[in-house]
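Based on the hints, put chain B in the right spot on chain A.
2 protein chains.
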Amino acid sequence: MPPNVESCTIASMSDVWECYRLELAAVEDQIRQNLGSKVALVNTVAAHILNSGGKRIRPLLLILCARLAGKGDRFEICPPGADVLLASLIEYIHTATLLHDDVVDHAEFRRGRRTAGGLWGNQVAILVGDYLYSKAICHIVGFRNQDVNECLSEACRKMAEGELMQLSYKDDASISEREYLKIVEYKTGSLIAAACRIGAVVADADLALRDALFQFGQAIGVAFQVADDTLDYSAPLESLGKSRGKDLGEGNVTLPLLHLRKHCTEAERARLAEVMEKKPNGNGELAWVVSLMERYGSIDYAMATARGFVQAAKVHLDLFEESVHKRALQAVAEYMVSRDH
Amino acid sequence: MPPNVESCTIASMSDVWECYRLELAAVEDQIRQNLGSKVALVNTVAAHILNSGGKRIRPLLLILCARLAGKGDRFEICPPGADVLLASLIEYIHTATLLHDDVVDHAEFRRGRRTAGGLWGNQVAILVGDYLYSKAICHIVGFRNQDVNECLSEACRKMAEGELMQLSYKDDASISEREYLKIVEYKTGSLIAAACRIGAVVADADLALRDALFQFGQAIGVAFQVADDTLDYSAPLESLGKSRGKDLGEGNVTLPLLHLRKHCTEAERARLAEVMEKKPNGNGELAWVVSLMERYGSIDYAMATARGFVQAAKVHLDLFEESVHKRALQAVAEYMVSRDH
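Residue numbers (the working numbering), protein chains in the order written: chain A, 1 to 341; chain B, 1 to 341.
No lab work stands behind these hints: they were computed from the structure. Some hints could be false.
Because identical chains share one entry, a pair is satisfied inside a single copy or across any pair of copies.
List of simulated lysine-lysine pairs, DSS-like, C-alpha gap at most 25 Å [to be verified]:
no.	residue 1	residue 2
1	182	246
2	38	314
3	170	38
4	71	170
5	182	38
6	314	278
7	170	55
8	326	262
In isolation and in its complexed conformation, chain A is listed as follows (with noise of 0.2 Å):
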């Protein structure tokens, strides 16, 4: 840890950023580092992918959860350098995720770039994703720790079910608001919680602590997805590397969906149902979704939602006493469902 930490002033996203600047870079190392495979293919699929741009968000929350959850002035790594190398092997399950799920959504950009599937061709993806996923659990293992290995064990199986349970209610607007944090916490929020708790485990914290940093990632997950979902109607047309509207042409209800459903009248309904059932939808017909839906405030709904438990999250961080890394993690916490994410 750079001695400058303690003395950073935390007051938003970027100057976490810049804080903790050196972790990060040692995390980027890491993941450089455990890629050769004497397979020049994997490589390159896997650096292409590992390198678009991604935020790395859940190895920053693990570094910072280990700083929080350690012992102040006794603060170690247990074994030394264990926050690095499992913060960039999370990297490689949540990058093996993308991967699959660019083929499953067959998606052709991501971030601006073209996709592995687009650009290799999805047996490509589809096999680099198992080999980075693989390639993770063994370095995981050879943890021999059994925290780590049933935690990141656990959330692989709660991210497959998730995205599971979201294609098997696909096109079906009976889902409830239940279900569908459901899906939410199963394929984003299992993984960031996973993280978080790991940053305990490594600190050697005791299991109250791991527990309430599991929560808090959970919880932060679960906002992340659900303002996600929600830009996903609400955004800015040229923000982002996305494009708007995505969950309507693939028939996937997210919680500004199904707030609408419930308060607009029979006849709306009707015609949403039709739109829902025509895809892939037009521009006409996703701005009238998207002016339903700011008369009926479900876009604010959706958002209340996802920053109602960004502050749940922040409540599992009262165990700790006040330090740069919660208000860093305090930071994160707010960012996650910010406009920029």
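Coordinates of chain B only, in the frame set by chain A:
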């Protein structure tokens, strides 16, 4: 273990199926019990592929190796039932790879039944593969056995790397026999080797016996794949649920083709290159390639290589005294290169 196993006479594979039918039935039960996702789609798809007529060779090998490596009268599985549970989990991992392989190969049928991708779409096939794999890892780490963790995660990494090696050598006739055998060892030998080793682990056998059974499994795995690759050219048209000439059509250079390229004339090699380029190939081209292979002894050479690996595998059993389990493993080894595997 049913009391009659020790008094079985093993002359061929059908005796093995008969003699160990109770153990295999227990594995089937376990495979069904493991499922139980709350997502109906997961259970439906997983049941479809898990019940698609696989021979359960890997579970059988685990169980046989546990009995062979176990300490005679004091034979004990630790923890009780670990052999059956781990056998079922290895079948899960194998099934996950089949799901992804079928997507990668654009396969419509497997063993005469439609593939999961064909029935439910590639999205479902990819995600159920991910689910089965991560579900297996969750159960596996629950054993808290480092040898089991390392052995299986290593096998998974090698399988993915082997598939990617094969992909990067596609259409590349310059691949060497050594490189071909490395691919085969990784993509097929590694999980079979892991199944055999884990049998020894749950029987609490010492390291030398674990290693011997790992080597045995790896060699019969390679034998199996080399024989399978050869049958792709030499099997009678009406046999199996598979079509012939798949590898030629997909640009996979396997042992018979390698041998042929090395021994045919310059002109034949040039024509071969043309045939390989122009895929998918028709029956006329396949018949021409097969007739060349017969003339140059390429099919005999490849089958002899497969049988050589069976012989090498059996040598690793020399460490063990004669027993019904040893005879059963020898029968399985022979079966790996038989036409109806």
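Going down the list of hints, with the structure as the test:
When the C-alpha separation of residue 182 and residue 246 is checked against a cutoff of 25 Å, the pair qualifies only within one copy, where the shortest distance is 20 Å, while the shortest distance between copies is 43 Å. Neither within a single protomer nor between protomers do residue 38 and residue 314 lie at most 25 Å apart by alpha-carbon distance, with minima of 44 Å and 30 Å respectively. Taking the shortest alpha-carbon separations for residue 170 and residue 38, only the inter-copy value of 16 Å comes in at or below 25 Å, while the best intra-copy value is 40 Å. Taking identical chains as interchangeable, the C-alpha atoms of residue 71 and residue 170 are never at most 25 Å apart, the minima being 47 Å within one chain and 54 Å between chains.
When the C-alpha separation of residue 182 and residue 38 is checked against a cutoff of 25 Å, the pair qualifies only between copies, where the shortest distance is 12 Å, while the shortest distance within a copy is 40 Å. When the C-alpha separation of residue 314 and residue 278 is checked against a cutoff of 25 Å, the pair qualifies neither within a copy, at 41 Å, nor between copies, at 61 Å. With identical chains, the CA atoms of residue 170 and residue 55 are never at most 25 Å apart, being 29 Å at best within one copy and 35 Å at best between copies. When the C-alpha separation of residue 326 and residue 262 is checked against a cutoff of 25 Å, the pair qualifies neither within a copy, at 38 Å, nor between copies, at 67 Å.
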